[in-house]
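Heads up: the protein sequence lines correspond to chains A and B, in order.
When we follow the working numbering, the leftmost residue of the first sequence carries the number 3, and every step to the right adds one.
When we follow the working numbering, the leftmost residue of the second sequence carries the number 3, and every step to the right adds one.
None of these hints come from the bench; they were simulated from the model.
Because the structure is a prediction, the values reported are computed rather than measured.
Check each hint, because a few of them may be wrong.
Same chains, same names: a pair is fine if it fits in one copy or spans any two.
[Said to hold, decoys possible] Simulated crosslink set (BS3-like; lysine-lysine; CA at most 30 Å straight-line):
1. K263 to K141
2. K42 to K141
3. K263 to K37
2 protein chains.
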Amino acid sequence: MSTNPLPQPTAAAVIIGNEILSGRTVEGNLNYLAKKLGAKGIHLAEARLIEDDEAMIMATLNELRRRYDYVFTSGGIGPTHDDITALAVAKTFGVELRPDPRAVAILTAHYPPGGLTPARAKMTEIPVGAELIPNPVSKAPGFSLGNVHVMAGVPDIFRAMVDELLPNLAGGAVTLAQTITCAIGESFIAAELAAIQKDFPDVQMGSYPFYRPPSQTGSGSSGDGSSSSSPFGTALVLRSTDAARLDQARDALGASLTAQKIPFTVEPRT
Amino acid sequence: MSTNPLPQPTAAAVIIGNEILSGRTVEGNLNYLAKKLGAKGIHLAEARLIEDDEAMIMATLNELRRRYDYVFTSGGIGPTHDDITALAVAKTFGVELRPDPRAVAILTAHYPPGGLTPARAKMTEIPVGAELIPNPVSKAPGFSLGNVHVMAGVPDIFRAMVDELLPNLAGGAVTLAQTITCAIGESFIAAELAAIQKDFPDVQMGSYPFYRPPSQTGSGSSGDGSSSSSPFGTALVLRSTDAARLDQARDALGASLTAQKIPFTVEPRT
Numbered sequence: 003m004s005t006n007p008l009p010q011p012t013a014a015a016v017i018i019g020n021e022i023l024s025g026r027t028v029e030g031n032l033n034y035l036a037k038k039l040g041a042k043g044i045h046l047a048e049a050r051l052i053e054d055d056e057a058m059i060m061a062t063l064n065e066l067r068r069r070y071d072y073v074f075t076s077g078g079i080g081p082t083h084d085d086i087t088a089l090a091v092a093k094t095f096g097v098e099l100r101p102d103p104r105a106v107a108i109l110t111a112h113y114p115p116g117g118l119t120p121a122r123a124k125m126t127e128i129p130v131g132a133e134l135i136p137n138p139v140s141k142a143p144g145f146s147l148g149n150v151h152v153m154a155g156v157p158d159i160f161r162a163m164v165d166e167l168l169p170n171l172a173g174g175a176v177t178l179a180q181t182i183t184c185a186i187g188e189s190f191i192a193a194e195l196a197a198i199q200k201d202f203p204d205v206q207m208g209s210y211p212f213y214r215p216p217s218q219t220g221s222g223s224s225g226d227g228s229s230s231s232s233p234f235g236t237a238l239v240l241r242s243t244d245a246a247r248l249d250q251a252r253d254a255l256g257a258s259l260t261a262q263k264i265p266f267t268v269e270p271r272t
Numbered sequence: 003m004s005t006n007p008l009p010q011p012t013a014a015a016v017i018i019g020n021e022i023l024s025g026r027t028v029e030g031n032l033n034y035l036a037k038k039l040g041a042k043g044i045h046l047a048e049a050r051l052i053e054d055d056e057a058m059i060m061a062t063l064n065e066l067r068r069r070y071d072y073v074f075t076s077g078g079i080g081p082t083h084d085d086i087t088a089l090a091v092a093k094t095f096g097v098e099l100r101p102d103p104r105a106v107a108i109l110t111a112h113y114p115p116g117g118l119t120p121a122r123a124k125m126t127e128i129p130v131g132a133e134l135i136p137n138p139v140s141k142a143p144g145f146s147l148g149n150v151h152v153m154a155g156v157p158d159i160f161r162a163m164v165d166e167l168l169p170n171l172a173g174g175a176v177t178l179a180q181t182i183t184c185a186i187g188e189s190f191i192a193a194e195l196a197a198i199q200k201d202f203p204d205v206q207m208g209s210y211p212f213y214r215p216p217s218q219t220g221s222g223s224s225g226d227g228s229s230s231s232s233p234f235g236t237a238l239v240l241r242s243t244d245a246a247r248l249d250q251a252r253d254a255l256g257a258s259l260t261a262q263k264i265p266f267t268v269e270p271r272t
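Excised from the complex, chain A in its bound form:
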């Protein structure tokens, strides 16, 4: 009855920067990357947030690049002394970090004459053997070495680099998502959802409670007897690479909720 999910490459994200772990900066790149990888059929299986620490960067990259098809990093490739990602990546792969003629040409053309100062020249140092990732925002490039893709931490630049990079990577089957929203707390649906999950082991089913203050509760969300005035609701999210199986799971869950007299709405599939 069940089918295996269609194949997807796997990936990990590594967000590098003291400022995120100290709480000074709110992490702002992961959600963009996750959505773009999802649309490409690449499964983001894990993310790590680590400090600007060479040993930690090297250990993390060495572990993840062997475990996953792709590793994407964010942060630490600017002009100041605390930007140590490029050197750490070079050491991870056992190659030299050297001024890259392509990067030198890009930044020489970008700055006014004489503007490629020693600090800015630091941004032309790329591990030997890497391919550049273009930076349409501020020109200093990211790079790809093996299956590790190194991008900037500034969100506008990170996003632009992701958009430059992803068309060049092999994707896989796209995971489709079908959301069913119930105006009722998730504990009232748990049994139905668990039963359907058993029938569809190949469809991932998640239950995400939410809270809407009473003034925002729609008049159509009457709920059942035990929750008619409850501001709690639940989003049931079904995910699969197989559209037909996803439709079957949606219909089975809908029939179960209807039989239990639990009102629900089906969102458009994404």
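Given chain A, put chain B in place with the hints provided.
Just chain B now, with coordinates in the frame of chain A:
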């Protein structure tokens, strides 16, 4: 000349949930935890975002609970079949997951008579030997087992649990931060900052560029000749547990910037 940083306990955060790695949900707990740990003098050294996968949760917790003084988790302790964190933690420690009389009493008192349904009763199942973490929002508790502290994923509940938990944990020396803001791109300050960093190896120095559209640029931010019309600015952040050393580093950096005719403002210390 340098002094060692004052002692701080170390910590890792583990954010558990498919919905974050799929991009459906924006991670919303880490920054709150980071700030609260910082105020307590606990060093958040690493964070991991993983899926609702028993083997992954167990492997991650076993690695991190040995490496750090504290591990804080978020997510996966609700009433539905995809909430597997409590069972995974029990297996990690090799103890049973059982209905906890304290949790049963809390939820029995909270719901109307007969309201402790089988799904809700799942939230009373706690690893044997754990202490409960109170949940002032929706009552179903988190728990602490060894140095692993297990909390809910819903942000309102996670934050309330953090506030309940932290007063009971031993903290350390609080890291103080001093921010110096320059209306100039970070490459113009890189050399000065690197020189000061060498004199103050015990003070962590970070450089964080930012971009302000021209209409928001203050009239006092004239910059130097090469950047007088630049919308780019840089926040230099100095961090140390030692207030005296932090003051010395701030003064040294200020003197260096003044000598280079780079305008700057000193933010209040936090």
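Structure-based check of all given hints:
no.: 1; hint: K263 to K141; verdict: between (58 Å within a copy, 27 Å between copies)
no.: 2; hint: K42 to K141; verdict: within (25 Å within a copy, 40 Å between copies)
no.: 3; hint: K263 to K37; verdict: neither (34 Å within a copy, 45 Å between copies)
This entry does not satisfy hint 3, going by the numbered hints stated previously; all others are met.
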